[in-house]
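Student: Use the sequences and the hints to build the structure in full.
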Amino acid sequence: MAGNAVDGNRNGVWERGSCSLTKRDTEPWWTVDLGRRHSVSMVMVKNREDGSYWKRLKGAEIHVGDSLTDNGKSNPLCGTINDTRPGSLSTICCNGRQGRYVTTTIPGRAEYLSLCEVEVLSQSCVSQPRGKELAQCDWKPVPFHVT
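1 is the number of the first residue of the sequence shown in full-length UniProt numbering; add one for each residue after it.
Hints listed in this document are in silico derivations from the structure and should not be mistaken for laboratory results. Possibly wrong hints are sitting among the right ones.
Pair by pair, the computed Cβ-Cβ distance ranges are [to be verified]: (1) THR91 / ARG16: 18 to 24 Å; (2) SER67 / LEU89: 23 to 29 Å; (3) VAL13 / GLN98: 32 to 38 Å; (4) ALA110 / ASN9: 25 to 31 Å; (5) PRO107 / MET44: 18 to 24 Å; (6) SER39 / ALA2: 30 to 36 Å; (7) THR80 / ARG24: 17 to 23 Å; (8) ARG36 / ALA110: 32 to 38 Å; (9) GLY51 / SER74: 18 to 24 Å; (10) ARG36 / GLY3: 17 to 23 Å.
Straight line, CA to CA, 25 Å or less: simulated PhoX-like cross-link-like pairs of lysine-lysine [stated by the list, open to error]: (11) LYS73 / LYS58; (12) LYS55 / LYS23; (13) LYS73 / LYS23; (14) LYS55 / LYS73; (15) LYS58 / LYS23.
Here a beta-carbon is modelled for each residue, glycine too, at the ideal position from N, C-alpha and C.
Tutor: What follows is the structure, given as structure tokens:
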């Protein structure tokens with residue numbers, strides 16, 4: 001079920017089979033392995049839109065780094081999800097943070113963690129010849145698999 005969060009489907013209704021869900025746990029977590037180190041520009045997280053379950057994601061943290069210590073929760077923090085309206089799509093800017101693992105966790109409380117889609121984006125830039133734009137940048141989704 002963890003793979004539902006990276007199936008390419010942003011549907012936020014649980015019954016439609018595109019959301020992941022952890023067991024209720026203290027500081028639940030979900031980690032994706034990018035396969036190698038990437039420069040992560042942003043992480044987009046789609047929240048549930050059914051029932052009142054969307055409230056659970058309030059305060060969730062996104063961490064990016066190379067360690068699986070403490071299930072990736074010890075990696076540097078990119079940001080916190082504060083927009084938890086039903087079906088919201090939160091964009092967390094990581095400003096090129098380097099790492100292989102992207103972890104979502106709900107710190108400090110016992111909760112279920114449900115993610116309806118997680119997209120990790122990397123930006124690669126190529127310098128242009130003198131007199132042209134400073135750089136030409138291309139946003140690319142990062143290929144990955146769930147750990």
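Student: So, for every hint listed, does it hold in this structure?
Tutor: Going through the hints against the structure:
1. THR91 / ARG16: 18 to 24 Å: Since THR91 and ARG16 have Cβ atoms about 23 Å apart, the given range 18 to 24 Å holds.
2. SER67 / LEU89: 23 to 29 Å: Roughly 28 Å apart at Cβ, these two residues keep to the hinted range, so it holds.
3. VAL13 / GLN98: 32 to 38 Å: Holds, since VAL13 and GLN98 (Cβ atoms, about 35 Å apart) stay within the stated range.
4. ALA110 / ASN9: 25 to 31 Å: 28 Å, holds
5. PRO107 / MET44: 18 to 24 Å: 20 Å, holds
6. SER39 / ALA2: 30 to 36 Å: With a Cβ separation near 24 Å, SER39 and ALA2 fall outside 30 to 36 Å, so the hint is violated.
7. THR80 / ARG24: 17 to 23 Å: This hint holds: roughly 21 Å between Cβ atoms.
8. ARG36 / ALA110: 32 to 38 Å: For ARG36 and ALA110 the Cβ distance comes to about 34 Å; the hint holds.
9. GLY51 / SER74: 18 to 24 Å: 32 Å, violated
10. ARG36 / GLY3: 17 to 23 Å: Since ARG36 and GLY3 have Cβ atoms about 19 Å apart, the given range 17 to 23 Å holds.
11. LYS73 / LYS58: At roughly 17 Å apart (the allowed maximum being 25 Å), LYS58 and LYS73 satisfy the hint.
12. LYS55 / LYS23: 16 Å, holds
13. LYS73 / LYS23: 17 Å, holds
14. LYS55 / LYS73: Holds. LYS55 to LYS73 sits at ~21 Å (cutoff 25 Å).
15. LYS58 / LYS23: Cα-Cα ~17 Å, so holds.
Consistency with the previously given hints fails for numbers 6 and 9, ordered from lowest to highest.
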